[in-house]
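A.B. asks: Sequence:
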Amino acid sequence: MEDQRQLPTAPDQIGEPALPIWQRITKGQVIVTSAALVASGAADVAMHFDKTGMFFGLLAVGAIARHSDEIAKWLVPGSGAETHARLVEATQHVVNTVSPATPMVYVDQSAQAKLKRLFGFRSEKTAGLYLQTPSTAPVPPQQSALATSAASIQPSSEITSTSQGRAWRKGALKWGESVRFGRRFDPQFNSVFGRGLLITGTQGAGKTNLIGSTILSAARNNVPCLLVDVKDEYYPLREKHQTIISCGHPDYADEAGTPYYSVTPENAEEFAHDLMEYGAQAIFNVQSYADANEMAETLALILPALIDWSRGLDNEEERPPCLIVTDEAHNLVPEQPALSALPISKPNFQHLKTAYSMIANMGRSYGYTLVMATQRLANISKASIANLNIQIIMKQDLDKDIERCEDYIGKELCKQLRDLPTGQGFVRGLSKNPMLVQFDKQEARHVSKTPNLERAQKRYKQNADRLPERMRVQVTAANKHVRPGQTPVEREISRRYGRNVTSEHLDQFELDNSDVTAVTYGRNNAVPSASGAAVSGQNTAVTPGSELPGGWDEKKLDMLPGFYLVFNSLDDTLKALQLSTSQKNRDFARNTLKQQGIWKEAK
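According to my numbering, the stretch in the sequence shown is residues 1 to 603, in order.
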């Protein structure tokens, strides 16, 4: 049977106006208004029906009646859920043409409920019928890859993404969600342009995800970008948008694949002009240059050339905005050259600092916005980040870095930095107070992985059967961890500490409990052992089968020559061997050393 209800037919009729006013009055509103009338009447009686009092009493009742719905919801959280569901149901026939109704939950937004949720006293949700967000259009298939030349770069078409349940908003950076309020935190590009952005966080804090999302948002909004990629981990972004390209040294072109733009100092200016002319997002691969100085020279020429291109436009209003993003910026503009992991000469470091300072100081006038990401604030040049007015502070571990962060988000928030989960950070400069945001995972493949035990076990689990003979340790029941070629002292240490050892690889405990000089001397001078001398006929009195004095054994007999050559004292040698200095032990040791030609007569 066809539905005969009177349903709204225009957008302005959808919602509460779709029902008569008497159907929209709730029980809570009646109770609140009645209570106000009773209170007003009681006040009138108390004031003996004073006309002025009655007038203001009725005025107050009218105001309470006007806001009775909000008051009722505040007094009884969730009380309006049923009414709201009924209103939505009345308009569902019209809305179904856009998006089907979906059973969802109603989260009470009254002030009282918010305060209770804030302090952890309440988190209830009331069932209701709410409209689902209209689904986005399907993503069109990827266009063909760009050719190597910049002339083939075309402006991007509008592409939407439903990653993590939300389509990107045009004109916005798709970043993440506010941890406190549970709402999207996607700032507008216009709120970032010209202000500069600093991103800092320890390894694995989530900087790469944030930068990847920023570049992809820029591509979808036709914003040209230059991303300086120090670790070669952003190339998968090319798979997500047709105007994102890689660039670097010509020798790396075959390995990188298309789209790729070969950049050298000779064509750096041409590359900068093509980047801005066609609005591409270029990923500058630092590792593609075998010579770090050539890379630094190329980059130091690109940055000023970008400003020259904008300066050459006749109309200043036509200057397009552009993001200059540098990951691991402390390697390119360090506070001191020694803090950089790149072997760049001091003159080229100075050229890079000059180029970045030009972008930081003059870029805003020409449309360029600097974005710098670093693991350690203490290592990056203070001058290069002085003009960055927006800061994103992620997890920090070192006291010195946390102290630097206090200048941005204050001491109290800095106490949380060590415990921040991966992907969270405080954003300062886009709201009145720093906002804690859970950033989205980037849509592109993440090629940078944090090391873990499972990867080692997967690769080396069967290593016991794969080791070549030269790396194997000879293991026997009596001489575990003993290898051929060890001196007697080294063999004793191997037996004592249960591991394979040479004099070059002693830990501190062994240095404290052994005479490493004896080990080194015995190895370099190849002092023969007592048992070895007996076999060669040099020691006829002491043989492996001979009876030894009490406390002596083959091990101590082998170690005797080396210790004596080091200490040059018979008593000290016996003490080192943990033997008493009795006359019997002294005579035995002296005779053994004489037979080996090592004994030194006292003068």
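Check each hint, because a few of them may be wrong.
Unchecked claim - Okay, derived cross-link-like pairs now, PhoX-like style, lysine-lysine, Cα gap no bigger than 20 Å in a straight line:
hint : residue 1 : residue 2
1    : K556      : K594
2    : K575      : K600
3    : K411      : K432
4    : K170      : K240
5    : K594      : K584
6    : K441      : K240
7    : K575      : K556
8    : K400      : K382
9    : K231      : K441
10   : K600      : K584
11   : K441      : K170
12   : K346      : K400
13   : K555      : K584
14   : K353      : K382
15   : K411      : K400
16   : K575      : K555
17   : K458      : K441
18   : K231      : K170
19   : K51       : K27
Claimed, not checked - FRET-style restraints, in silico, Cβ to Cβ:
hint : residue 1 : residue 2 : range
20   : D254      : D419      : 41 to 51 Å
21   : E454      : K231      : 35 to 45 Å
22   : Q188      : R319      : 16 to 26 Å
23   : G257      : P343      : 48 to 58 Å
Read the hints as simulated data drawn from the structure, not as lab findings.
Source: prediction; values computed, not measured.
We put the CB at the ideal spot given by N, CA and C, even for glycine.
A.B. asks: Look at each hint and say if it fits the structure.
C.D. replies: Taking the hints in turn, this is what the structure says about them:
1. K556 with K594: holds, 17 Å
2. K575 with K600: Between K575 and K600 the Cα gap is close to 18 Å, so the pair holds against 20 Å.
3. K411 with K432: holds, 17 Å
4. K170 with K240: holds, 17 Å
5. K594 with K584: It holds: about 15 Å lies between the C-alpha atoms, which stays within 20 Å.
6. K441 with K240: holds, 14 Å
7. K575 with K556: Given pair K575, K556 holds - Cα atoms ~11 Å apart, limit 20 Å.
8. K400 with K382: holds, 14 Å
9. K231 with K441: holds, 19 Å
10. K600 with K584: OK: K600 and K584 at ~19 Å, within 20 Å.
11. K441 with K170: holds, 19 Å
12. K346 with K400: violated, 26 Å
13. K555 with K584: holds, 19 Å
14. K353 with K382: Holds, at roughly 11 Å.
15. K411 with K400: holds, 13 Å
16. K575 with K555: Status holds; Cα separation ~15 Å.
17. K458 with K441: This hinted pair is violated, its Cα atoms lying about 26 Å apart.
18. K231 with K170: Violated, at about 30 Å.
19. K51 with K27: violated, 31 Å
20. D254 with D419: 41 to 51 Å: Holds - the Cβ-Cβ distance for D254 and D419, about 46 Å, lies within 41 to 51 Å.
21. E454 with K231: 35 to 45 Å: violated, 22 Å
22. Q188 with R319: 16 to 26 Å: Given about 19 Å between the Cβ atoms, the range holds.
23. G257 with P343: 48 to 58 Å: violated, 27 Å
Hint check: violations occur at hints 12, 17, 18, 19, 21, 23; the rest are consistent with the structure.
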